[in-house]
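J.: Once you have looked at the hints, place chain B on chain A.
Listed here are the chains, written in short residue letters.
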Amino acid sequence: MVSTQQEIVGRILRASTKGFTCGTSSRQVDTRHDFGAFVKVPIANDGDCCVIGLIYAVEIKDDQLVNELVMADSVNPNVLLDQRENRMVPVEIDVLNVGYGYRDTNGAVINGFHSLPPRPPMSLSDVELCSIYEVFMFTQRYDFFRTVINASDVPSDDLLAAALRYAAQAYPENQRYEFMVHCGQHLARLLANDLKRLSHVLALIRPA
Amino acid sequence: MSLEFNKIVEQVQKFGAMLDALDFDLGDRLSIAVERFYNPPPLEKIQERVELVQGPSVSGYRGAIPLEGENYEEISATFAPVPPPETAVIIAADGSQIYTSEQSPIHYYLINIGLFVYHHGVDRTPLQLTIPKLAYHKSEVHDPSGKIVGNRTVDARRTVREMQELGKLAWEMRGEINPLVALYDNHLLFGVSTDVVDHKKIMRAYRAAMVHLHDSGAILAGYVDNPTRSRVVVRMLYLLSLSDDEVLRADLSGGGDLEGLKDVHLFNAVLEPGERSAVMVQNSPRNLDYKRGEGGGPSYEIAFFYMKVSSGYRSSIVRVDIPMWVARNPNTVDQLHALLVEQCSMQGRNPYPYALTRADELAYVGGRDKSKLDEMIRLEARKKGIDPTNFSAKAWGKQLVRGDKRRFEMKK
Chain A
439 MVSTQQEIVG
449 RILRASTKGF
459 TCGTSSRQVD
469 TRHDFGAFVK
479 VPIANDGDCC
489 VIGLIYAVEI
499 KDDQLVNELV
509 MADSVNPNVL
519 LDQRENRMVP
529 VEIDVLNVGY
539 GYRDTNGAVI
549 NGFHSLPPRP
559 PMSLSDVELC
569 SIYEVFMFTQ
579 RYDFFRTVIN
589 ASDVPSDDLL
599 AAALRYAAQA
609 YPENQRYEFM
619 VHCGQHLARL
629 LANDLKRLSH
639 VLALIRPA
Chain B
5 MSLEFNKIVE
15 QVQKFGAMLD
25 ALDFDLGDRL
35 SIAVERFYNP
45 PPLEKIQERV
55 ELVQGPSVSG
65 YRGAIPLEGE
75 NYEEISATFA
85 PVPPPETAVI
95 IAADGSQIYT
105 SEQSPIHYYL
115 INIGLFVYHH
125 GVDRTPLQLT
135 IPKLAYHKSE
145 VHDPSGKIVG
155 NRTVDARRTV
165 REMQELGKLA
175 WEMRGEINPL
185 VALYDNHLLF
195 GVSTDVVDHK
205 KIMRAYRAAM
215 VHLHDSGAIL
225 AGYVDNPTRS
235 RVVVRMLYLL
245 SLSDDEVLRA
255 DLSGGGDLEG
265 LKDVHLFNAV
275 LEPGERSAVM
285 VQNSPRNLDY
295 KRGEGGGPSY
305 EIAFFYMKVS
315 SGYRSSIVRV
325 DIPMWVARNP
335 NTVDQLHALL
345 VEQCSMQGRN
355 PYPYALTRAD
365 ELAYVGGRDK
375 SKLDEMIRLE
385 ARKKGIDPTN
395 FSAKAWGKQL
405 VRGDKRRFEM
415 KK
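Keeping their order, the protein sequence lines are chains A and B.
Quick note, our numbering runs 438 ahead of the 1-based positions in the first sequence.
Quick note, our numbering runs 4 ahead of the 1-based positions in the second sequence.
Just so you know, the hints here were simulated from the structure itself, not pulled from any lab data.
Hints may contain errors.
To be verified - Keeping only pairs whose Cα atoms sit at most 25 Å apart, straight-line, the calculated SDA-like set for lysine to any residue is:
hint : chain 1 : residue 1 : chain 2 : residue 2
1    : B       : K18       : B       : S6
2    : A       : K499      : B       : L131
3    : B       : K295      : B       : H218
4    : B       : K376      : A       : D596
5    : A       : K499      : B       : H218
6    : B       : K376      : A       : R557
Said to hold, decoys possible - If the Cβ cut is set under 7 Å, some of the chain B residues that face chain A in the computed set are:
hint : residue
7    : S35
8    : N43
9    : P46
10   : K49
11   : D127
12   : P130
13   : T134
14   : M350
15   : N354
Note that the Cβ used here is the ideal one computed from N, Cα and C, for glycine as well.
With the rest of the complex left out, here is chain B:
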């Protein structure tokens, strides 16, 4: 039976009443944050504070810290885009998957990677390719205890495949046209929880793929379109507002008097369309592991900057993750910034990199594709004399009632 809307109308109205009562007003927190942003303490003071929070007496600080040494950019600095390089290649990768199904008589999963190559400054038809991989061997679809691998494992493997394919293509195209930007549709500070099958192996493979990208000379960037959960810069502003004594006592995992404020609120207020923030890094154990852990190194610590992308109709705040091999070269950061601004102006009102939109389109495996693949697999099984139906009354019942229904509507 479909949802009885008459029974939910009242609940929706109560929900609306709750929205009225909610405090969406950031109050003076935004103005305090903006004030702190534009009036940071001197560099020496910031460095002292960073040393303090990275020392043994303070723990839990998960905020931003500025770049070290000659790469330091003042935290209140904003940068307008420079003209893009005359020519460049932008490779974008994205992935999609069909998860394993416990109900299915034949266990498999599919990972499909979409790659899109855009030639900036050269009139040339973009290159597109997809790399589907069907996993069906028991070593792939079952964990060591014989259970089917979960969705989180498939997701983690997909992430690694995305990075690996990006690395392979960047390697093949190295030296053709510079700069070569490898654009990845997510944050770069990838982590795998211990419940994921072969989590250590997956992390090693991910870092190896980053090394491959580094070796190919690519400008790797992780594009985070909607960083609404990110508060690293707000936490930093809170940290910088405290005295040394207060730092030792304060809960630095939150935003303190700026709690509730997010980085997107701050940068929406301080960035003009097209501008980027200073490059900073996030202080976290995971990032430290990228810098010092197995398979990592100083070049693989993840830095970031915020950008206000705009199509002229609409603008939004995005975060761009970059590895340190990119971050420590200001010219490279400028080129990436300029190319991203251009990419975001290419699809009408939607300020999003065109190359990523197309990579997503190439990777996407929809319901019809899944049905077709299921059919192909059933046919193959039948050829081998295996009955793939494995009748499940529950599954069949669901299919019957969830199928297309004849709908009666008013004639127009």
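Bound conformation, chain A alone:
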């Protein structure tokens, strides 16, 4: 399946079964790269099976020229345009794998498993944003919560909260509150022995 430029979050730089890092240019960064967004990418040598992951870090790389420009009293607008549009400042996006699934006849990744994928994706594979339908289908179960909560080197509480707020948008408006309540109930079971943490995560997902 050929992805359109609008859907592509980036291309794989390095990967493992636990997660992957993809890269793009700074001029491409937009809402597709939001913290907590659901993304998918085919695993190695299997176009039908896709890893599903959550964006947990977006890092904009610097170089020595950028470092010098930062020191300037003000940055000339044309220099700013040049740096952002011409110099292709690299952006790295870190993703935590939370499951995998298979494409249906329409190309949507459904039939998801909430566990780590059998193989990592290959270098340069296109990483795409999951569609609303895919997010909706994947979040019908809550087993991936444990993967996020137990992930090391990841801001897991904030990530889980951001992912749930993101996922709630995939639900019809009148079902969002109910979805969040179910998520909170599941979290209460998972974090029953850590009430401080539970309280923190619940506060993060509480509707404003």
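T.: The following block gives chain B in isolation, referenced to the frame of chain A:
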């Protein structure tokens, strides 16, 4: 085996001791030079002296001389930058190369030109382009005797390509926005030694490119960031301190009682940040050839001025070479000066024209690019049934021992 630093420590210490003994003190030479700079002889006297050193009885003077006629600027004058023009275009060019390798089974070289177009006064994304040219035909990579062309030949061809591409782009952009500044990252008084293949042809091409730039109406400038070897103004101050008799006897190729002093020392003392010196020309046979030789003309004699560029954190003395078609128009020189001052304030602490920094970045061909190009060429050769490996035990041995080594370091 890597360098055994324990065997070199003592040598480094001796080097340090030598630095202590060296005389970095300019003594009173700088104050003498400054005194002479601010008290030049009257113009008539300077003109007489210039005529004398350009006459047949004196040879070897390689110092500066003031501009002639109405373009004359007093040699002690310094000029603060005027406000830059409302709009302008600055085109910067730079080049990089991969040299031919005798060891390589397939001979080629690459010249990559980077061009950067900056629109001053208009909010517009700068234009950037690179023009790589792979030279592989035997007429390009071999000299008439069949030997591979040397690095100096590749360098000379690169210089010409830089000037040609600058000229082409300036021609395409002529009349769009004025003024149009064509910025070149080196001195303009380019010369080719006779060991360079097709040296006459290269010089003709270089001068033709300058003519193209002149025709396009561009303000051509050669930016010399670190003119530490330049002593032309110091030599002039020495010349002006001599009597006519002494001029006939003195060695004018040096700095006389100012020997050791460089132009950067002098202008560092007399210029304030942003200021420029008077425009002058260098008296030399090469410059005379630009003025009177084949493909040259009075408009192509090379003049120069010094500038103290500053970022607010750091300042440095630079020399800006300009052809006479630019030098004889004071308004144009002022515009160039102002635009260079602005360019040098655009990249933080580093007082260097932003456009040249970017042109260099675009042109640069690094080791990884070279490896990739080598790989592409080997693949292409294999497609044609040619084995590109041409095994050399010496080259392979070097590759093995110089490759990345596993390094053992203390765990942090």
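J.: Check whether the Cα positions of B:K376 and A:D596 lie no farther apart than 25 Å.
T.: violated (42 Å)
J.: Quickly compare the C-alpha distance for B:K18 and B:S6 to 25 Å and report which way the hint goes.
T.: Between B:K18 and B:S6 the Cα gap is close to 22 Å, so the pair holds against 25 Å.
J.: Tell me if the interface restraint on B:P46 is satisfied: Cβ within less than 7 Å of some Cβ in chain A.
T.: violated (44 Å)
J.: Can B:S35 be said to touch chain A, with a Cβ gap under 7 Å?
T.: violated (35 Å)
J.: Would the hint linking B:K376 and A:R557 be met if the CA-CA limit is 25 Å?
T.: At roughly 29 Å apart (the allowed maximum being 25 Å), A:R557 and B:K376 break the hint.
J.: So if I understand the rule, the pair passes when the alpha-carbon distance is 25 Å or less; does B:K295 with B:H218 pass?
T.: Since the Cα atoms of B:K295 and B:H218 sit roughly 14 Å apart, the hinted pair holds (cutoff 25 Å).
J.: How about B:T134: closest beta carbon in chain A under 7 Å, or not?
T.: With a closest approach of 12 Å, the B:T134 hint is violated.
J.: Regarding the hint that B:D127 lies at the interface with chain A, is the smallest CB-CB distance below 7 Å?
T.: B:D127 check passes; min Cβ-Cβ to chain A is 5 Å, inside 7 Å.
J.: With a cut-off of 7 Å on the beta carbons, see whether B:M350 makes it to chain A.
T.: Check passed: Cβ of B:M350 comes within 5 Å of chain A, closer than 7 Å.
J.: Checking one constraint from the list: CA of A:K499 to CA of B:L131, max 25 Å. Satisfied?
T.: Measuring from Cα to Cα gives roughly 23 Å; hence the hint holds.
J.: Given the proposed pairing of A:K499 with B:H218, does the C-alpha separation stay at or below 25 Å?
T.: Judged against 25 Å, a Cα distance of about 42 Å means the pair is violated.
J.: Please check whether B:P130 passes as an interface residue: C-beta within 7 Å of a C-beta belonging to chain A.
T.: holds (5 Å)
When the structure is compared with the earlier hints, violations turn up for hints 4, 5, 6, 7, 8, 9, 10 and 13 and for no others.
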